[in-house]
Amino acid sequence: MFDLDLFRHLVVPPDNAPVANDWSAVEARLGTGLPSDYKSLVDTYGLGSFGNFFHVFCPDAGSKRGLDLEYQHERTTWALDYLAERGHTLPHPSADLLSCGRSDNGDVAYWITAGSDDPEQWRIGLGETRGHLWEEFDGGLGEWLAAVLSRRIRMKIFPKDFPRRTVRFTPIT
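Under my numbering, the first residue of the sequence shown is numbered 9, with each subsequent residue one higher.
Please keep in mind that the hints were generated in silico from the structure rather than gathered at the bench.
Since the model is a prediction, treat every value here as computed from it, not as a measurement.
There could be a bad hint or two in this list.
Claimed, not checked - Lysine to aspartate or glutamate pairs mimicking EDC-like chemistry, simulated, CA-CA at most 20 Å apart:
| hint | residue 1 | residue 2 |
| --- | --- | --- |
| 1 | 164 | 68 |
| 2 | 164 | 136 |
| 3 | 47 | 136 |
Claimed, not checked - Restraint-style ranges between C-beta atoms, simulated for each label pair:
| hint | residue 1 | residue 2 | range |
| --- | --- | --- | --- |
| 4 | 174 | 97 | 31 to 41 Å |
| 5 | 113 | 176 | 14 to 24 Å |
| 6 | 24 | 122 | 32 to 42 Å |
| 7 | 40 | 144 | 13 to 23 Å |
| 8 | 13 | 82 | 27 to 37 Å |
| 9 | 139 | 31 | 32 to 42 Å |
Built from N, CA and C at the ideal position, the CB exists for glycine as well.
When you get a sec, could you build the whole thing from the sequences and use the hints?
Shown next, in the form of structure tokens:
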């Protein structure tokens, strides 16, 4: 289970509070609920970079479309469908994946929604952007991010030097 208070000790949130999100409107546009740990992370940290490398997609990211949750969901769904139509084997059908973040290398983190209509039960998958490597984590985005940033787990897709010992959050304005 994700503990936001412990996570705040791992990565200090920005001094200025992010813009408040209308989660009901975001979920209505996406056609699905979203996990509470994700909403807590976005409401606490906002748009930015963890360790100058990993970005959690945020709703209504304005001109930062590359980090906008809805835009990236449409874009990654299209890309996954394109690959599947050309014979590539996907770890899950695109309908069972909802992109939620990416690395500076372009590796995409997804919620694996298959098997549960309850967003609190969604797991995390990480897909290599320039290869076929796929890794899964049996927990939500907050748990996964905490495990990666604290070095409790290591993702083979990420560079060996990520994360550094001290992880900072850098807001993007």
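| Would the pair residue 164 and residue 68 pass a check requiring their Cα atoms to be no farther apart than 20 Å? | 31 Å, violated
| field | Range agreement (Cβ of residue 122 with Cβ of residue 24, hint 32 to 42 Å) | value | 37 Å, holds
| said: Just to be sure I understand the hint, the distance between the Cβ atoms of residue 139 and residue 31 should be within 32 to 42 Å; is that true here? | reply: 34 Å, holds
| Hint check for residue 97 and residue 174 - Cβ pair distance inside 31 to 41 Å | 39 Å, holds
| Is the Cα-Cα distance between residue 164 and residue 136 20 Å or less? | 9 Å, holds
| Does the Cβ pair residue 13, residue 82 satisfy 27 to 37 Å? | 34 Å, holds
| Is the gap between the beta carbons of residue 40 and residue 144 within 13 to 23 Å? | Check passed, 20 Å falls within 13 to 23 Å.
| field | Whether the CB-CB distance between residue 113 and residue 176 falls inside 14 to 24 Å | value | 19 Å, holds
| query | Within a Cα-Cα threshold of 20 Å, do residue 47 and residue 136 meet the stated pairing? | reply | 25 Å, violated
This entry does not satisfy hints 1, 3, going by the numbered hints stated previously.
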